[in-house]
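Enquirer: Sequence:
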Amino acid sequence: MTLGSDASQHTFASSWTWAAVIRLAALIISTYFSVDQLRKSHRTKQAKRFQSAYELLNESVVLLDKLSGTAAQKADLTLLGELHSRIKQAERRFPELPLSPVVAHLDAYGKATLPDDFRRKVTVKRTLLDELLNLSRQQGAAIASALSAIGTVQKEVDRRTGEH
Numbered sequence: 003m004t005l006g007s008d009a010s011q012h013t014f015a016s017s018w019t020w021a022a023v024i025r026l027a028a029l030i031i032s033t034y035f036s037v038d039q040l041r042k043s044h045r046t047k048q049a050k051r052f053q054s055a056y057e058l059l060n061e062s063v064v065l066l067d068k069l070s071g072t073a074a075q076k077a078d079l080t081l082l083g084e085l086h087s088r089i090k091q092a093e094r095r096f097p098e099l100p101l102s103p104v105v106a107h108l109d110a111y112g113k114a115t116l117p118d119d120f121r122r123k124v125t126v127k128r129t130l131l132d133e134l135l136n137l138s139r140q141q142g143a144a145i146a147s148a149l150s151a152i153g154t155v156q157k158e159v160d161r162r163t164g165e166h
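Going by our numbering, the sequence shown opens with residue 3, and the numbers climb by one from there.
Note that these hints are calculated values from the structure, not bench results.
Since the structure is predicted, the reported quantities are computational estimates derived from the model, not experimental observations.
Where a beta carbon is used, it is the ideal one built from N, C-alpha and C, also for glycine.
Where hints are given, some of them may not hold.
Said to hold, decoys possible - DSS-like, lysine-lysine: derived pairs with alpha carbons at most 30 angstroms apart:
(1) Lys90 to Lys76
(2) Lys50 to Lys90
(3) Lys47 to Lys113
(4) Lys157 to Lys47
(5) Lys47 to Lys90
(6) Lys50 to Lys157
(7) Lys68 to Lys50
(8) Lys68 to Lys157
(9) Lys42 to Lys113
(10) Lys90 to Lys68
(11) Lys90 to Lys157
(12) Lys113 to Lys76
(13) Lys113 to Lys68
(14) Lys76 to Lys47
Unchecked claim - If you anchor each label on the Cβ, the simulated ranges turn out as follows:
(15) Tyr34 to Lys113: 52 to 58 angstroms
(16) Gln39 to Ser150: 32 to 38 angstroms
(17) Arg25 to Ala106: 53 to 59 angstroms
(18) Ser54 to Thr19: 50 to 56 angstroms
(19) Arg25 to Lys157: 39 to 45 angstroms
(20) Ala49 to Val23: 34 to 40 angstroms
(21) Gln39 to Thr19: 28 to 34 angstroms
(22) Arg161 to Lys68: 27 to 33 angstroms
(23) Leu29 to Ser70: 54 to 60 angstroms
Please model the entire structure based on the sequences and the hints provided.
Expert: Okay, structure coming up:
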């Protein structure tokens with residue numbers, strides 16, 4: 003009799019354990035997919051939120067590439083001034099993105115512009131030529147630094163949004 007009662011308890015415990023394991027596995031799987039869906043939803047929302055900043059940075063890269071081929075004068079900087087202003091606005095809207103180095107490098111570039119009448123001045127004074135070459139070098143360095151800073155911000159956006 004003792005053996006018979008032992009066997010029924012063993013069968014009950016065994017069937018109950020398998021049902022519990024199946025329920026637990028189902029719970030774990032459904033929890034995983036729920037959390038994964040929430041994570042994807044969060045990344046999608048962030049991607050939409052950062053979309054305007056990302057596109058602005060792409061515009062800036064195109065303009066800086068164009069400006070890198072010339073020695074910029076103040077008259078050439080109207081579009082860059084507009085982009086600079088929009089990046090400053092984006093910096094306030096997205097404080098979690100490292101946009102301040104981009105703004106700083108664009109400021110440095112704007113300060114290194116050549117005077118509008120530099121061609122006339124070059125023919126008059128030799129010392130001015132050295133100053134103009136120095137400004138041109140500063141422009142190149144500022145463009146390279148700005149492009150690097152833009153790349154850093156874009157990588158940060160990609161990291162936060164899961165886009166590769």
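Enquirer: Given the hint of 52 to 58 angstroms, is the C-beta distance from tyrosine 34 to lysine 113 inside that range or not?
Expert: holds, 54 angstroms
Enquirer: Quick one: are serine 54 and threonine 19 within 50 to 56 angstroms, going by C-beta?
Expert: For threonine 19 against serine 54, whose Cβ atoms are near 55 angstroms apart, the range 50 to 56 angstroms holds.
Enquirer: Are the Cα atoms of lysine 90 and lysine 76 separated by 30 angstroms or less?
Expert: Holds - the C-alpha atoms of lysine 76 and lysine 90 are around 20 angstroms apart, at most 30 angstroms.
Enquirer: Lysine 90 and lysine 157 were given as a pair; does the straight-line alpha-carbon distance stay at or below 30 angstroms?
Expert: Distance ~19 angstroms between lysine 90 and lysine 157 Cα, so the pair holds.
Enquirer: Does the Cβ-Cβ separation between arginine 161 and lysine 68 fall within 27 to 33 angstroms?
Expert: holds, 28 angstroms
Enquirer: Against the 30 angstroms threshold, does the CA-CA distance of lysine 50 and lysine 157 hold or violate the hint?
Expert: holds, 16 angstroms
Enquirer: Is the straight-line distance between the alpha-carbon of lysine 90 and that of lysine 68 30 angstroms or less?
Expert: OK: lysine 90 and lysine 68 at ~21 angstroms, within 30 angstroms.
Enquirer: Do the beta carbons of arginine 25 and alanine 106 sit within 53 to 59 angstroms of each other?
Expert: holds, 58 angstroms
Enquirer: Would you mind confirming whether the straight-line C-alpha gap from lysine 68 to lysine 157 stays at or under 30 angstroms?
Expert: Roughly 22 angstroms between the alpha carbons, so the hint for lysine 68 and lysine 157 holds.
Enquirer: Please verify whether lysine 47 and lysine 113 have alpha carbons no more than 30 angstroms apart.
Expert: Violated, at roughly 38 angstroms.
Enquirer: Range hint 28 to 34 angstroms: satisfied by the CB atoms of glutamine 39 and threonine 19?
Expert: Since glutamine 39 and threonine 19 have Cβ atoms about 30 angstroms apart, the given range 28 to 34 angstroms holds.
Enquirer: Would you mind confirming whether the straight-line C-alpha gap from lysine 157 to lysine 47 stays at or under 30 angstroms?
Expert: holds, 17 angstroms
Hints 3, 9 and 14 from the earlier list are contradicted by this structure; the remaining hints agree with it.
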